[in-house]
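Asker: If you read the sequences in order, they're chains B and Y.
Our numbering applies: residue 83 is where the first sequence begins, and numbers increase by one.
Our numbering applies: residue 83 is where the second sequence begins, and numbers increase by one.
To be clear, the hints were calculated from the coordinates, so they are not data collected in a lab.
There may be inaccurate statements among the hints.
Note that the list lumps identical chains together, so a pair holds whenever it fits in one copy or between two copies.
Pairs of lysine to aspartate or glutamate residues, derived as EDC-like cross-links and limited to a Cα-Cα distance of at most 16 Å, are as follows [said to hold, decoys possible]:
#1 Lys115 x Asp128
#2 Lys127 x Glu111
#3 Lys248 x Glu233
#4 Lys115 x Glu156
#5 Lys245 x Glu215
#6 Lys115 x Glu215
#7 Lys115 x Asp247
#8 Lys245 x Glu134
#9 Lys127 x Glu156
#10 Lys127 x Glu233
#11 Lys245 x Asp170
#12 Lys245 x Glu111
#13 Lys115 x Glu237
There are 2 protein chains.
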Amino acid sequence: MDAALPDENAMNPAEHNRFMARAIALAVENVRKGLGGPFGCVVVKDGQIVAEGANRVTSANDPTAHAEIVAIREACRVLGHFQLTGCDLYTSCEPCPMCLGAIYWARPARVFYAGTAEDAAQAGFDDVDILRELQQPPVRRRIPMQQIMREPALEAFRLWQQKPDKVAY
Amino acid sequence: MDAALPDENAMNPAEHNRFMARAIALAVENVRKGLGGPFGCVVVKDGQIVAEGANRVTSANDPTAHAEIVAIREACRVLGHFQLTGCDLYTSCEPCPMCLGAIYWARPARVFYAGTAEDAAQAGFDDVDILRELQQPPVRRRIPMQQIMREPALEAFRLWQQKPDKVAY
């Protein structure tokens with residue numbers, strides 16, 4: 083048993099395949115309907131799909147509407163919480179850096195993906211480039227990023243740290 | 083003039099400060115109202131604020147509702163497009179990897195930030211850790227990520243590449 087996936091065998095492999103097949107079907111359907119890019123995702127808890135998502139960037143005019151983000155937001159809405167504790171995420175393609183970031187904030191138990199970042203790049207979705215940019219210091223990025231007014235911004239952090247009833251996340 | 087910011091001087095520094103002051107005010111107000119983390123953001127086009135956002139993770143049960151994502155989604159809704167061409171983004175703190183990813187997909191012209199990632203980490207928001215995770219190969223990440231069913235997933239990419247009327251993004 084792979085130490086990185088201690089309870090991988092707790093679920094029948096056919097179950098994994100069934101959930102991934104649904105994520106892939108959402109991706110295929112999305113292209114056929116012209117609603118966005120070729121990506122689909124489902125969130126599963128206790129052996130049940132709790133939310134589905136497909137890429138809606140161009141149809142919803144929302145650059146953040148990748149399949150994973152759509153499915154994570156919907157799953158959190160359904161579950162009434164801002165974290166996906168105990169959930170598994172099945173996505174038809176390896177998540178881009180934005181979606182990986184969202185996954186870390188949502189904290190599901192595991193992620194399964196089908197197509198690779200290389201497959202996505204070959205289809206015109208080159209997010210390896212985004213990861214390279216993230217590794218650059220801000221001033222050397224392709225989109226110029228400049229730091230200004232740090233001192234007044236610290237007030238928000240001071241208030242946060244002093245707040246007795248804050249909800250951490 | 084900094085080559086990375088060719089038209090930095092096209093705008094009066096006082097204008098930059100005014101927009102950043104609004105982003106910081108949104109962050110402060112957000113903590114005071116208990117609506118989420120200490121982060122605010124505005125999107126500016128042609129010298130006007132077109133959208134504002136504050137962190138709503140815990141109040142909206144949405145782990146993706148960081149100030150930048152909220153502001154980007156709202157700006158795209160207002161502008162009726164999935165890209166922020168010609169827009170500037172002012173955020174009260176250096177964007178986390180998820181938000182940086184969203185910024186690259188939204189493609190604004192420039193980003194200005196006030197607090198640094200270190201300031202955020204000191205207040206309990208350690209996204210440097212997320213960037214480290216992104217740089218790991220999938221199987222070595224803290225949230226286990228496993229590749230399955232690649233072959234059937236390629237169908238969505240094939241359909242996308244063959245689609246004559248696709249809207250690329």
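Asker: Checked against the structure, which of the hints given earlier come out wrong?
Answerer: Numbers 1, 2, 3, 4, 5, 6, 8, 10, 11, in rising order.
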